[in-house]
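Q: Protein chains in written order, with the working numbering: chain C, 1 to 194; chain Y, 1 to 194; chain F, 1 to 258.
No lab work stands behind these hints, which were simulated from the structure alone.
Glycine included, each C-beta is placed from N, C-alpha and C at the ideal position.
Keep in mind that a hint or two might mislead.
[What the hints assert, rightly or not] Residues of chain C placed beyond 10 Å of chain F at every Cβ, according to the derived structure: (1) T20; (2) Q38; (3) R44; (4) Y47; (5) L160.
[To be verified] Which residues of chain C face chain Y? A few of them, derived with a C-beta cut under 10 Å, are: (6) E41; (7) L43; (8) H46; (9) G53; (10) F71.
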Amino acid sequence: MNPLAQLIEAALFAAPRPVTVEELQTLDPDVSLAEFRQAIEQLREHYDFDGHGVEMVEMAGGFQIVTRPAFAAAIERAQLNQKPPRLSAAMLETLATIAYRQPVGRAEIEEIRGVNAAGVLRTLQERGLIEVTGRGEALGRPLLYSTTPQFLELLGLPDLANLPRAEELSIALQAPKPIDDVDQDAAAFVEADS
Amino acid sequence: MNPLAQLIEAALFAAPRPVTVEELQTLDPDVSLAEFRQAIEQLREHYDFDGHGVEMVEMAGGFQIVTRPAFAAAIERAQLNQKPPRLSAAMLETLATIAYRQPVGRAEIEEIRGVNAAGVLRTLQERGLIEVTGRGEALGRPLLYSTTPQFLELLGLPDLANLPRAEELSIALQAPKPIDDVDQDAAAFVEADS
Amino acid sequence: MAAIGFVSDPSSDSSAPSIGVLADSGFVVELESFTGPLDLLLHLLGEERIDIADIPIARIADQFLKAVHALGLNQAADYLEMASRLVRLKAQMLLPRGADGEEWDDPRAELVRRLLEYQQIKEIAVWMHQQADRRSMRFARGYLPPPPDLPPPPLTLDLVDLLAAVERVIAAILHPVMHRVVARPLNVEGATLRIQTLLADRAEITWTEAIGPRPTIVDVLSTLLALLELARRGTAFLIQTEAFGPVVIVRESPRPAD
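Bound-form chain C, shown alone:
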């Protein structure tokens, strides 16, 4: 393969979308559009004649390298193009909080874990592990999340009561006390002291 075809291959590979010939030319403005077109053709032919697992396609006005349809089924079956199914630490911790505190709102989850939970909640919802089961009484009537039957199924549990140490942990997993409660304590302390 000549250097221009190599450059085009690398650029099309790295680009997140189809790339037009004009865009490709910014890679090397000294090379004419015609030469770029010629090199693209050369690359396409190389893929075809050399029997590659990928091919060059023209779509949305630009060029892109994609896998050949013949392999699509095998790849989908193997699900290699999916993110690894393992739950991240953040997802597990959020899921654990919901499992033992449900139904629970986003604010409380964030209070307990100390980090923003929006993204994780969405992912867990997409994964079918949690669902919205109501609205809280607090200002703005926040959405409340609970775990799904699928969550129990994954754990192989008949119902939530079978979660280990359910009572103990649901108490331990309480959000830090709101300021008002603390103040009441302080008031009680003053009274007891005076």
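Please build the complex by placing chains Y and F on the supplied structure of chain C, with the hints as guidance.
A: Then chains Y and F, alone, in the frame of chain C:
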């Protein structure tokens, strides 16, 4: 290219992360791991000898097709892709400490770096470069941190064994030695370096 | 290369120290040039080409304190801790070394060990930085096909993982709860105003009058601080005639201008 190499090429093209040989085997369970490894080598050689703009690399326990470094500048200039943001010195030092001591607790990291590590640990965790992998035996059963496959991907390393070996570096990352040894090593180190 | 093999900060292109300071509080929030007190110490040793195994503690302690002051690090706890450690070492080095021929435990040994250890971390950090730089020259595929519309891959979730996560969350929340600070500011201004109003009427008031009816702990503390401040300014005098006796607050004798 033979059909197996084609299949592997298509699969690696489609995957968003490095793919292990074991995962590749799920594409065709009738083919042995050894045959898959052979075909991967074949593909790698094809890229090299045929002068492709992409190459095969081994990292984070798997294989991935990436663009050759020579084209990085042109691709960035054409705004077709961009390098990930660099890590700060504090993040790198914390990662270095964890990489060699893992699993390691926050107190030990802070002792080695001489500064509070809470913020950096959280950032590294959010970026998926470290994760909690257990709890220590010390008072309060502190959380222990380890590096993730993404950490290896970030550095482009096949596995942790590819980090510079501790003995190549010096005494520092081994268990604390008696002071006399330290002084001798220190002297040797200073001589070698000056 | 300096005698101790000092490695420069990999992420900072500029050599001049630059310091980010949170303007209103005076707290140092970010230091781009030094990642901590050990880093600063190594820098000082490197500048002077000092053998790390034989640090002239007195000189380095002085330089460290100067640097901490010059860089505005006076309020950064990690740096202050190191400063006090150096001052202590400096004092220990002045102690007599015992009879001749006797074993002498070098008080600097621990510091030397930590510096060497930290130096290694920096060395690895530089290596990792270069490695990441090299890696960043290789792009993975930019376009990723949307995941196929198949049943999602089997999730792996087990009780052990879930319980471990519960433990982590609990561990993370226990700490802040135990050290929770009551976020209720003292009202010193209000207390000052109340005392001044009372003193405008009468030349002398009692402590009980000053704190007002049904005081909370916050009122008591506010009043105490207000009184101390008024006394410091000379606006009021605090008089206690006998040990454990009641404190009397007396107005300053009216100035001629009033």
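Q: Next step is simple, just say for each hint if it's right about the structure.
A: Evaluated hints:
Distance check on T20 of chain C: its Cβ is at least 15 Å (rounded) from any Cβ of chain F, clearing the 10 Å threshold; non-interface status holds. No Cβ of chain F approaches the Cβ of Q38 of chain C within 10 Å, the least distance being about 23 Å, so the stated non-interface status holds. Distance check for R44 of chain C against chain F: the nearest CB is about 17 Å away, which clears 10 Å, and the non-interface claim stands. At roughly 15 Å, the least C-beta separation between Y47 of chain C and chain F is larger than 10 Å, which holds for a residue marked as non-interface.
For L160 of chain C, the shortest C-beta to C-beta distance to chain F comes to about 12 Å, beyond the 10 Å cut-off, and the non-interface label holds. Evaluation of the E41 of chain C hint against chain Y yields a violated restraint, the C-beta minimum of about 16 Å exceeding 10 Å. Below 10 Å, beta-carbon pairs count as interface contacts, and L43 of chain C has one with chain Y at about 9 Å; its hint therefore holds. Taking 10 Å as the C-beta contact cut-off toward chain Y, the hint placing H46 of chain C at the interface holds, the least distance being around 8 Å.
For the restraint placing G53 of chain C at the interface with chain Y, the shortest Cβ-Cβ distance is roughly 3 Å, inside the 10 Å limit, so the hint holds. Taking 10 Å as the C-beta cut-off, the interface hint given for F71 of chain C holds, the closest approach to chain Y being about 4 Å.
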